[in-house]
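Undergrad: Take a look at the letters that make up each chain.
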Amino acid sequence: MAIEITAPMVGKVVNVMVEVGQQVSEDEPVVMLEAMKVEMPVVAVEDGKVSKIHVKEGDTVDGEAVLVELE
Amino acid sequence: MDRLIELVTKLIGQTGIAHLISSGDVNLAWQTPVMWLIGGTFIYLAIKKDMEPLLLLPIGFSVIMVNMPLGGLLAEGGHGEPPGLFAFVYRHGLETDVVPCLIFLGLGALTDFGPLIANPKVLLLGAAAQLGVFVAFFGALFFGFDINEACSIGIIGGADGPTTIYTSTKLAPHILGATAVSAYSYMALVPIIQPPIIKLFTSKEERGITMKQLRPVSKSEKIIFPVAVALIVCLLVPPATPLISMFMLGNLMVNSGVVERLTDTAQNALMNIVTILLGIGVGSTMEGKSFLQPKVIGIYALGLFAFVVATAGGLLFAKLMNLFLKEKINPLLGSAGVSAVPMAARVSHKMGFEANKKCYILMHAMGPNVAGVIGTIVAAGIFISLVD
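Residue numbers (my numbering), protein chains in the order written: chain A, -13 to 57; chain B, 561 to 948.
Calculated directly from the structure, the hints in this document are not laboratory data. Be a bit skeptical, because a hint or two may be false.
[As the list claims (entries may be wrong)] In the PhoX-like style, the derived pairs of lysine-lysine whose C-alpha atoms are separated by at most 20 Å in a straight line are:
1) A/Lys(-2) / B/Lys759
2) B/Lys764 / B/Lys918
3) B/Lys917 / B/Lys888
4) B/Lys764 / B/Lys910
5) A/Lys(-2) / B/Lys910
6) B/Lys917 / B/Lys764
7) B/Lys917 / A/Lys23
8) B/Lys879 / B/Lys681
9) B/Lys681 / B/Lys886
10) B/Lys879 / B/Lys772
11) A/Lys(-2) / B/Lys730
12) A/Lys23 / B/Lys910
13) A/Lys23 / A/Lys(-2)
14) A/Lys38 / A/Lys(-2)
15) B/Lys888 / B/Lys764
16) B/Lys849 / B/Lys772
17) B/Lys886 / B/Lys759
18) B/Lys681 / A/Lys23
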């Protein structure tokens, strides 16, 4: 089952730190968001392999938007 | 030849250096270089430490320039003579409240009340952080400041520059330089002052409390909010009317979505112009003879104290609220109640994230943060009505 990593809040994607197929562990940052000049790493909710990336650098995302899917 | 020597001697006699030496004024002789040093320190902090550069840079330079003997920037004027340039800016910009109020117009246009509207109970946290204002007020009275000075010093605890300037100009213009600089320097130091206090009053578990995402706020809510708050504040504390009117007008402009040109000017061009005038105006109050008094140290110390109590007040009140709330709030929202926007909210967010990698409270913390601005305006209004 796919695990979705969602944006914790509205923000701009400044860096996508993973690639499809990459293995990530819990609490490892996957995407760097920025809002009000604060950079916020969004971390993996659990261990898994990146299956899909929904955003790219420069995108503005809404809260709860899916950023990355893990399997 | 004699004529030439006479001319040169006259020229030398009219230099500022000659005035410093020959005036025989001991105070002027030591105060002038000390003020240059203070001005230079501000410029250094602005450039090297990136400490509120938009204000400290013009303030620092103005401090040096108004302490130039015979420079005349602060000349009183009258009898057909116009006032000195900086005296003019102070008299017509600050004394009339025009500059701080125009700053508030821009701030209003840059403020998003969404997080506050979505979670209105954090308004209480913005109010709780004003505890620092009132504690510092009584502290200042205790240490022998008169009531007008105590009000101006207390407001520093609200961590709001323009409101501090507004209050000081109205109540105690002779300490404006000290209160304004202390407010702006502590605001710049929020990321250093707040964390130890936060750690003292909260546990790691409390700081890591996660919160549900805020509900989206509709456009009508965002339009009604500034109008409603302006009405309520004006009716309750009339002396706060100029500040709150401009603040909410700026906010209404941006949320109406129909006056983009005006919003853009308020946020950028106008804001920049009045920021320059504010820097000059504040700097021009810092003449050696009025600034270098033992009082100033007391103002700085009490300002810091006010800041610390405000942070603690917000944190403790958030914990108190948690005793009654089913859905716990992160106590870090409380320390964001001091109105240094958005620094205090950023500090809260960073500390929450440090405690728990799944804790994102930046937006939640903006709620009490902007509520704190309203709270400080109200506190200023209360002080002004108390004294007048």
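Undergrad: Hints the structure violates: just list their numbers, smallest first.
TA: 1, 11, 16, 17, 18
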